Structures are given as structure tokens and as C-alpha cells.
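Trainee: The listed protein sequences derive, respectively, from chains A and B.
Residue 483 in the working numbering is what sits at position 32 of the first sequence, and the numbering runs on without skipping anything.
Residue 264 in the working numbering is what sits at position 61 of the second sequence, and the numbering runs on without skipping anything.
Derived from the structure by calculation, the hints contain no laboratory data.
Computed from a prediction, not measured in an experiment: that's the story for all the values here.
Careful, some of the hints might be misleading.
SDA-like mimics (lysine to any residue), calculated; alpha carbons at most 20 Å apart, straight line [to be verified]:
1. K500(A) x R258(B)
2. K500(A) x R294(B)
3. K238(B) x D488(A)
4. K300(B) x Y521(A)
5. K500(A) x K238(B)
6. K236(B) x N276(B)
7. K300(B) x K317(B)
8. K501(A) x S483(A)
9. K500(A) x K300(B)
10. K317(B) x R287(B)
11. K500(A) x G337(B)
12. K300(B) x D503(A)
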Amino acid sequence: MVYYEIPMRIHVNGRISELNSSYSLHDFITHSAKKNDFIVAELNGHIIKKPDWETTRLNEGDTLELVTLYGGG
Amino acid sequence: MKTQPIDIIEDTPLIIGKKAFSSRFLLGTGKFKSKDNLSDAIRSSDAQIVTVALRRIDLERHEDNIIEYIPENVTFLTNTSGARNADEAIRIARLAKAAGCGTWIKIEVINDSKYLLPDNNETIKATAILADEGFTVLPYMYPDLYAARELVKAGAAAVMPLGSCIGTNQGLKAKEFIQILINEIDEVPIIIDAGIGAPSQAAEAMEMGADGVLANTAIATAEKPALMAKAFAQAILAGRLAYLSKLPPAKEAAEASSPLTGFLYEHHDNVR
Numbered sequence: 452m453v454y455y456e457i458p459m460r461i462h463v464n465g466r467i468s469e470l471n472s473s474y475s476l477h478d479f480i481t482h483s484a485k486k487n488d489f490i491v492a493e494l495n496g497h498i499i500k501k502p503d504w505e506t507t508r509l510n511e512g513d514t515l516e517l518v519t520l521y522g523g524g
Numbered sequence: 204m205k206t207q208p209i210d211i212i213e214d215t216p217l218i219i220g221k222k223a224f225s226s227r228f229l230l231g232t233g234k235f236k237s238k239d240n241l242s243d244a245i246r247s248s249d250a251q252i253v254t255v256a257l258r259r260i261d262l263e264r265h266e267d268n269i270i271e272y273i274p275e276n277v278t279f280l281t282n283t284s285g286a287r288n289a290d291e292a293i294r295i296a297r298l299a300k301a302a303g304c305g306t307w308i309k310i311e312v313i314n315d316s317k318y319l320l321p322d323n324n325e326t327i328k329a330t331a332i333l334a335d336e337g338f339t340v341l342p343y344m345y346p347d348l349y350a351a352r353e354l355v356k357a358g359a360a361a362v363m364p365l366g367s368c369i370g371t372n373q374g375l376k377a378k379e380f381i382q383i384l385i386n387e388i389d390e391v392p393i394i395i396d397a398g399i400g401a402p403s404q405a406a407e408a409m410e411m412g413a414d415g416v417l418a419n420t421a422i423a424t425a426e427k428p429a430l431m432a433k434a435f436a437q438a439i440l441a442g443r444l445a446y447l448s449k450l451p452p453a454k455e456a457a458e459a460s461s462p463l464t465g466f467l468y469e470h471h472d473n474v475r
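So here's chain B without its partners, still in its complex pose (with noise of 0.2 Å):
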């Protein structure tokens, strides 16, 4: 019997602002060992979002530009990295919007310089300024139902809770936090951000219903980024599967899945 192929992909674009992306990969670029890595590991991800960094230029050191090593047709997602404060990442963002690279923000705003969480309140501040002036503002957020409401009414894009700090690998320390924010939250897409250190973690969170995650550490310093890379492409994709198939839900008890009415019994019976 011949069969058709079916086409098993039938998902919707990740809608973030207005516009729409095919990938729910979003890729940090900071940490890679070369740069050479770098534009490889972007490659082989797929990612059309990536995020970037604004610093200081080093005058004494003239160094190629992380630009020429990202391919074209990539998103760039400047984050406020170094913002203490809202005026710190408004300053930022408005800095990153005259460099070039477009309007897209990513808010961090950190004070504690033990756990690098972020700070809500000033996040919600900053991304209701930042959305007035028209920037695409995606706020890195600790996963709290009410600040997460506030930045949606503040205007933000996209909410991006983190799994676990930023730089642990920890996975989703905050899972059933994240999920409040899944079920709760359906005006923007859930993107989760920080602390997913490999592609079991990251498919974990699509298989929950997250829209798209943004990993970095965990790419850029393995041995092999361009593989990691796209190991973590195949789990995003695999754990998006999952949620829209509707994965069944865990049982107490055991439930065989080969039917146990059977020939065996019937056998003996039919022996005595």
C-alpha cells in the first residue's frame, strides 16, 4: 500500500512585534572562543534573532566588528546588559538604536551582582518608555505572574523569564513559575531566557508551551559550538512538536501499552 507523506509540521510563525520567524532559536553571541565560531554556530542554529551587547570600544586595540561575522537577514536584539537602573538600559537602548542596529531590546536590568537577577520593577519601567518611543522591547524578567502582567501592559513584545541564572546551565530551576506564566499570559509569546544549559532543557521548555528560547552559554562554550548549535535547533523544534501534538499527561499508576488480554492465559487454559 502506497502512502502519502505527511507534512507533520503544521506550526504558526513565532510572532514577536511584527514580525514573524520560522526559527524559535534565539542565539546570544557573547562567549564564543572565536569569531569564526561564532558566525558557524549561527549558522548551523538557524536562529534568525540574535542577541548583541553595546560596550565601550577599545581604542587601544582595533578589533573586527561582531557585525561581519553575522550573517544577513539576522535580527539583531541588542541587550542592556550593564544597566543597573530603567535610565541606564533607556540610555542603552537609545545608544544601540543610533549605532545602527535597529530598534529590537532586549531589557536587563541587574543590581545583584551575586545571583545576576533581574530587577522587575525597574524592567516594567524601562520597557514602558522604550515601547512609547517604539522600540520592540523583549524584557528579561524573573518569573512573577504580576510583573509579568505589568510588562505586558507596559507594552513589551515578548516576556522572557529566566529558567535559572544567567550563565548556570541550571535549566528550569523556575518551571513551575514559568508555566503560571504560560497559562496566564497569551497576549505576547514566552521566550525563555538564561540558564538553559542543553538541548534535553531547552525542548523541556517548548514541550511546556513555551514560544522560543534564547540560549548562549551553553553553545558558545561547548567544544564544538556549531554542533551544540544545532543540537539545540533540533530540541526546540522537537519539544515544539511535542507541546502541538498535546503531549498526554504523567500517571500514578502503571498502564501497559500492548494489550494484555491474551493468548498466554487462553493457552494454559486450553492445556489443563
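If we strip away everything but chain A, and leave its shape as in the complex, we get (with noise of 0.2 Å):
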């Protein structure tokens, strides 16, 4: 794993996050969520499919929106 000594900044669901080292969004979600099932990833504007999820990199600057379910009408 690559450490930064200037943290990575991005943007996860409106606000931004500090990174210190380099995630996977795999990795990202998992220690972000509880569980990971049935959430989904949309990385600057694209969903990122599940089985892409260890290899995608997060990079300076990227956009992130975590969403799941929720009770609804």
C-alpha cells in the first residue's frame, strides 16, 4: 500500500475525505460500511459494477456517491 504524506482528498457523498494512503473502492467500502451488500458505487458520475470494485483506484479529485437502501414509500 502506498502512503501519502499530503493526504488525497475526495469527495464521498457531499463531503470530502481524506485519504492517506491508496484504496481500492473495494476496500474503500468495506471500511466505510457495515456490510457491502446491495450498495452500489458511482465513481464521477459511473456506476462502477461490483466485480470491478478491487480494481478500480481512487484518485485526487474523484467523486464518490455510496448509496443503498432505505425504507420508502
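Dock the two chains into a complex; use the hints.
Mentor: Set out below in C-alpha cells:
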């Protein structure tokens, strides 16, 4: 894993997250959510399918949306 | 004299898209006080379709996923709540599909914050695109016949007119216009969505000939949600049976239900 002296900044769900290491999308989601079932990731406006999470790396300035299911009518 | 039991329920299933359902009750999963309340309500409702919504994950609170509280074999109908136009509804639908909750979508496009009325024009646009992409599309709409026809043409699998404004529990304020949809739209089921605040209102919708009822607030905010879910389920079935039995029309003048040609007058005559 690559460690940065200056944290990398990404936008996650409308807020800035600072990462001090290089994350794959899979690692970031596993770190951020209790379970990764029924989670969808949209990176810079494109949906990233779950099989591609491991090979997708987060980069400085990325905009990531992580959404899941909630109660609704 | 011995009588044979009569199977009074001779109904066809509710068919939406390629699926058939024995229950005509669609249950929303919002506003429940606890996830256990939700789970119990779904079970006692016998609903086979439940609506869910898509939201950003709260990164600071590691919450349980709602899916864990929904029984298996229930069809998820993801709504596009939060969408203000067709493009946003389409985006939410695609995200829902990618999240693994299937391709059943309740299109809900709202850009009015006071009455939360659906925008029929944007709903028609989103329906056309998503139906073309293979989604089973159930659009929530304002009960307008022209819009309903356009939704059918656009590929909607059902049409879901509002009974009254979302969450108001006001029942069938739009009754006369819903009746027009029921009378004129034969191609797809008509499911009454929004504003149904009591089992009696759900029964009334079914008596009118609606094919199903979607309710959420009235159940979720009841003191005993599971009990209310059961009450709704029974009311929807009662209304359906009343519709199938062909309700006689209302009349202006009274008409006795007991025979009045009677012995009383004859008796008086005899006394005289």
C-alpha cells in the first residue's frame, strides 16, 4: 500500500474525505460500510459494478457516491 | 341438510409485468419506528411487493441494512424518491439495478415541495426510457386520463394514481378521476398509491375496481403497525370480493329488504 505525506482528497457523498493511503474502491467501501451488500458505487458519474471494485483505484479529486436501500413508500 | 363448503374467493392473480401475485396489497417500508416493526408488518400484511428507497450511505453510522428485515420471496419495488425530473429518476433506477435490488421501479418525480404532487410529464419521459431498458415500471401519477394513456403507451406495467397527497391520510380525494382511469385503462393494473390513511379507504378503492393498493404511512405510523397491516390486508381483500360480487348501485328512494305485503294489514281486516 502506498502512503501519502499529503492526504489525498476525494468527495464522498457530498463531503470531503482525506485518505492517507491509496485505496481500491473495494477497500474503501469495506472500510466505510458495515456490509457491502446492496451498495452501489457511482464514481465520477459512472456506476462501477461490484466485480470491478477491486481493480478500481480512488484518485485525488474523485467524486464518489455510495448509496444503498432505505425504507421508503 | 348438509351443505358443501363454497370457495367464495374465485379471483385471478394480480399480474404486473411478468409476475403474478395473490396479494393486492403493496406495502411501503418508510417511517417505521423500528426495523422489527417493519418486519412484523410485512409478515402480517402478506404483501408480496414492498417499496424501498435509495439513499446515500451514512458513513458515520454503520447501520443495519433494511434488506435484512424484509422476508425472502418479496419483490422489491424501488422508488425514485428525491427525483425532480426524468433524468434523475432514470439515474436512481439504474443505481437501484446496480445495487442488486432488481429491475422493478416505482417512478416518482416530484418538484413541488408543498403538495408533493407527481409531475406526470417527466414521469412519462422516464417511463419510456426505463421500460425500453427492460425495467418493470410502475409510475406514481396524478390521476389524469391522458397521462395514464401515455404511460401505458410508454410501457408502464401498472399505473399508480394518487388517492390524495402523500402522507396526508385523506383517502380518495381524487375518487371520480381514479374511477375514470379504472373504467378506461384496461391494459395494465391500476394501483392506488398515496394518501390511503385507513383500511376503509383501501376497501373503498378496491370496491371501485382498483387492482391493488399501496400504503405506507397509515401502517408505519400506527401505534401497532403489524395489527394495522393485517387490517389493511383484510380490507383490501374485502373490497376486492365486493367488487367481484358486483355491488348493486346506490338508489335515491328507499326499498324495503323485508317483504311488506303482509299479514298485519290482513289481520286488521279480519278484526274488522
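Trainee: Confirm or reject each hint.
Mentor: Results for each hint:
1. K500(A) x R258(B): holds, 18 Å
2. K500(A) x R294(B): Status holds; Cα separation ~15 Å.
3. K238(B) x D488(A): With a Cα-Cα distance of about 17 Å, the restraint between K238(B) and D488(A) holds, given a limit of 20 Å.
4. K300(B) x Y521(A): holds, 15 Å
5. K500(A) x K238(B): violated, 28 Å
6. K236(B) x N276(B): violated, 24 Å
7. K300(B) x K317(B): violated, 30 Å
8. K501(A) x S483(A): holds, 15 Å
9. K500(A) x K300(B): Holds, at roughly 10 Å.
10. K317(B) x R287(B): holds, 14 Å
11. K500(A) x G337(B): holds, 18 Å
12. K300(B) x D503(A): With Cα atoms ~16 Å apart, K300(B) and D503(A) stay inside 20 Å; holds.
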